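Those protein sequences? They're chains P and C, same order as listed. Numbering-wise (the numbering used here), the first sequence opens with residue 1 and increments by one. Numbering-wise (the numbering used here), the second sequence opens with residue 1001 and increments by one.
Calculated from the structure, these hints are not laboratory results. All figures in this text were calculated on a predicted structure; none of them were measured in a lab. Heads up, some of the hints might be wrong.
[As the list claims (entries may be wrong)] With a cut-off of at most 30 Å between alpha-carbon atoms, the simulated DSS-like pairs for lysine-lysine come out as follows:
#, chain 1, residue 1, chain 2, residue 2
1, P, K121, C, K1033
2, C, K1055, P, K333
3, P, K219, C, K1055
4, P, K418, P, K49
5, C, K1055, P, K293
6, P, K265, C, K1055
7, P, K293, P, K124
8, P, K418, C, K1033
[Unchecked claim] Listed below are several chain C residues computed to face chain P (Cβ distance under 10 Å; list not exhaustive):
#, residue
9, A1011
10, R1029
11, Y1042
12, N1046
13, V1050
14, K1055
15, I1059
16, E1066
17, M1069
18, D1179
Ideal Cβ positions, reconstructed from N, Cα and C, are used throughout, including at glycine.
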Amino acid sequence: MAGAGGGGNDVQWCFSQVKGAIDDDVAEADIISTVEFNHSGELLATGDKGGRVVIFQQETENKSQPQCRSEYNVYSTFQSHEPEFDYLKSLEIEEKINKIRWLPQKNAAQFLLSTNDKTIKLWKISERDKRPEGYNLKEEDGRYRDAATITTLRVPVFRPMDLMVEASPRRVFANAHTYHINSISVNSDNETYLSADDLRINLWHLEITDRSFNIVDIKPANMEELTEVITAAEFHPHQCNTFVYSSSKGTIRLCDMRASALCDKHSKLFEEPEDPSNRSFFSEIISSISDVKFSHNGRYMMTRDYLSVKIWDLNMENRPVETYQVHEYLRSKLCSLYENDCIFDKFECCWNGNDSVVMTGSYNNFFRMLDRSQRRDVTLEASRESCKPRQVLKPRRVCAGGKRKKDEISVDSLDFNKKILHTAWHPQENIIAVATTNNLYIFQEKVN
Amino acid sequence: MINTMECAVDAQSLISISLRKIHNSRTQRGGIKLHKNLLVSYVLRNARQVYMNEKYAEIYRMQQYEEVMTVCNEIQELNPLDLVEDCEEQTGDCCGSANESASLCGALLPVSHQAPAVQHLQPSSACSVPLALQSEEVCKAPEPSFYRSCCAEAYPVSNCDFSPVNNMHCNKTTVLDLDTHVVTTVENGYLHQDCCASLQQCCQGAQSPAKKRKLDFGYYVSEIEEVPDFTPCKRAKFEDSSYASTEPLDTSNISNLISIFGSGFTGLVSRQADLEQALNGQFCSKQALASLGAWTRAIVAF
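Isolated chain P (complex conformation) (with noise of 0.2 Å):
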């Protein structure tokens, strides 16, 4: 397949593979709440809300049928996380995994960190598919052989078993967070990573687990006083004394660890004013950020609040850069929103390998490209119905209001309760993984 070329208008997206329960009935365990493509794209992860990871890994391509494209088929399952109660505090902490971030890859096993509210594991997820055979003291079930009925020796040699993964914990980072985890972040030397809960920001050795440093903390002396959280946390992809944090109010401060020990002061604000036509009750709410992203070539960062996708330059601090709507339709709707609570839905974004296309979340199973280069958009659906294979996505509309044209879909026939939040681009190729809920759709780009 090509490398990742323009991802709008010009890629026809087709359906390639769907995985989860189709039963309409939706166990709350089952709910996606992360998904993340591994550094290669061989291998897809997802963490769900009852604490469980599953890693689906890429076949090998089949190269003398090009049009049989690599499926993802299950690799891994275990759980990461546990519900677990504070006694101290008697607060119960939920087993959702937050976040999955892998590590690039080192020697034969895969590394990924993976985060609930309040601890981080590390797991190792390693291959077997030999095993030795041919102890001198014991049978082969494990039971130990009567001494004297050994007359010769052997070498025990490894034998080729049927593959096995397996997943182990390597290490527990715990106790750091007083607040809930909402990013981790491994950084591009490899050793570091961070973990961002409302207040602070933690730096960890990867392997070190009882110790972590502060390095941002934002809890005011009273916290009566307390205007603002965190919100999303990422390492610049190459400078690794580089970090970006984004704040329930809309800002983004990009930090620099070389120059203090305490980033409480930023190196850079980004913020854009705020319009005085749009404030309503809720401009609050709909300015806070969920979710920021930096580009592949480190240039670029890009920023989700509610209604819209903002794209900053590293170097402009006043404004974005680029601005996309989302789901414009939605303004008029906030109060329902806000009653629902949609409007505390935290929706992620994405940049496509050669950072030329963003994909975001929305409604009613519907997903959004945006294509920078070309200056277009197009709404996509992941839904059941065109889950033949192969079958081509069929660009949606949503109409605002007044008449409604044939195939589009009016605002108040949305359903606000199939929602997408996380959304994943393979690294290299034109391959995305939608989450609806609690299945996986995993889409491709047509080959013709």
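With the hints as your guide, set chain C onto chain P.
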């Protein structure tokens, strides 16, 4: 200016919806979500601003003519020159500070009780900056010069105990700091200071026995004595501090507040009207809504 035309939901219902969300969040799995509750408190603040602006405008319009006529009549009975000078001295003091001394004008105005509170409501938090602006605008109107001095009169404690339901909870909030496990009780200190200078007098020990309160005055006097300088009083550190111990208190606070708002702000104001009659009208009725400021801050402070 908040665009209130965007939807049919009015400020009042938004406030009750928001309070309900905050109340429900306490029982949600995973503990209280700081981010969500912070956002809800912003909606609460915005709705409160709009509601209070509407209310003030309404009350001001209602009373404007009536008050002016009453005052004019009374002034004509006294020496017009003396009184006019006193009243004008008060003019500059209104919006920025709240430490007017008792004035003749105040003594003269047994019925002008509601609107004056407008000018004094300047909660110190950023939450209410637009409110202060509103107050200033009203202050600049000529007639209210009569109202301003009302609060600074001979009945200082009226603000403390506005509610006949003995709603001490509305004036006191409990905050648990998750990091240090310190439980902080915040009196309605800031608000008292802003709302009415007279409170300073009462808090500094001027529990004038001459004040006849039909409400739970005694309670407030004792509470206020503990904090003469309005700093939040810190309770001893709780070894096993948990939400369990503070929750019943806070839940009942919120339930109480919700039940008040459930009956609408008119319910609250009507209580004021009853009290006014009982206490001969020397009284800031807007303190009820002012207490929202303390609640807003308290709700934010998880």
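Going through the hints against the structure:
1. P:K121 to C:K1033: OK: K121 (chain P) and K1033 (chain C) at ~22 Å, within 30 Å.
2. C:K1055 to P:K333: Roughly 26 Å between the alpha carbons, so the hint for K1055 (chain C) and K333 (chain P) holds.
3. P:K219 to C:K1055: 35 Å, violated
4. P:K418 to P:K49: 16 Å, holds
5. C:K1055 to P:K293: 45 Å, violated
6. P:K265 to C:K1055: With a Cα-Cα distance of about 42 Å, the restraint between K265 (chain P) and K1055 (chain C) is violated, given a limit of 30 Å.
7. P:K293 to P:K124: 25 Å, holds
8. P:K418 to C:K1033: Given that 30 Å is the threshold and the Cα spacing comes to 23 Å, the pair holds.
9. A1011: Holds: closest Cβ of chain P sits about 8 Å from A1011 (chain C), inside 10 Å.
10. R1029: Holds: closest Cβ of chain P sits about 6 Å from R1029 (chain C), inside 10 Å.
11. Y1042: 4 Å, holds
12. N1046: This interface hint holds because 5 Å falls under the 10 Å limit.
13. V1050: 8 Å, holds
14. K1055: 17 Å, violated
15. I1059: 22 Å, violated
16. E1066: Constraint on E1066 (chain C) not satisfied, violated at 33 Å.
17. M1069: With a minimum Cβ separation of about 38 Å from chain P (threshold 10 Å), the hint on M1069 (chain C) is violated.
18. D1179: 5 Å, holds
Consistency note: the structure conflicts with the earlier hints numbered 3, 5, 6, 14, 15, 16, 17.
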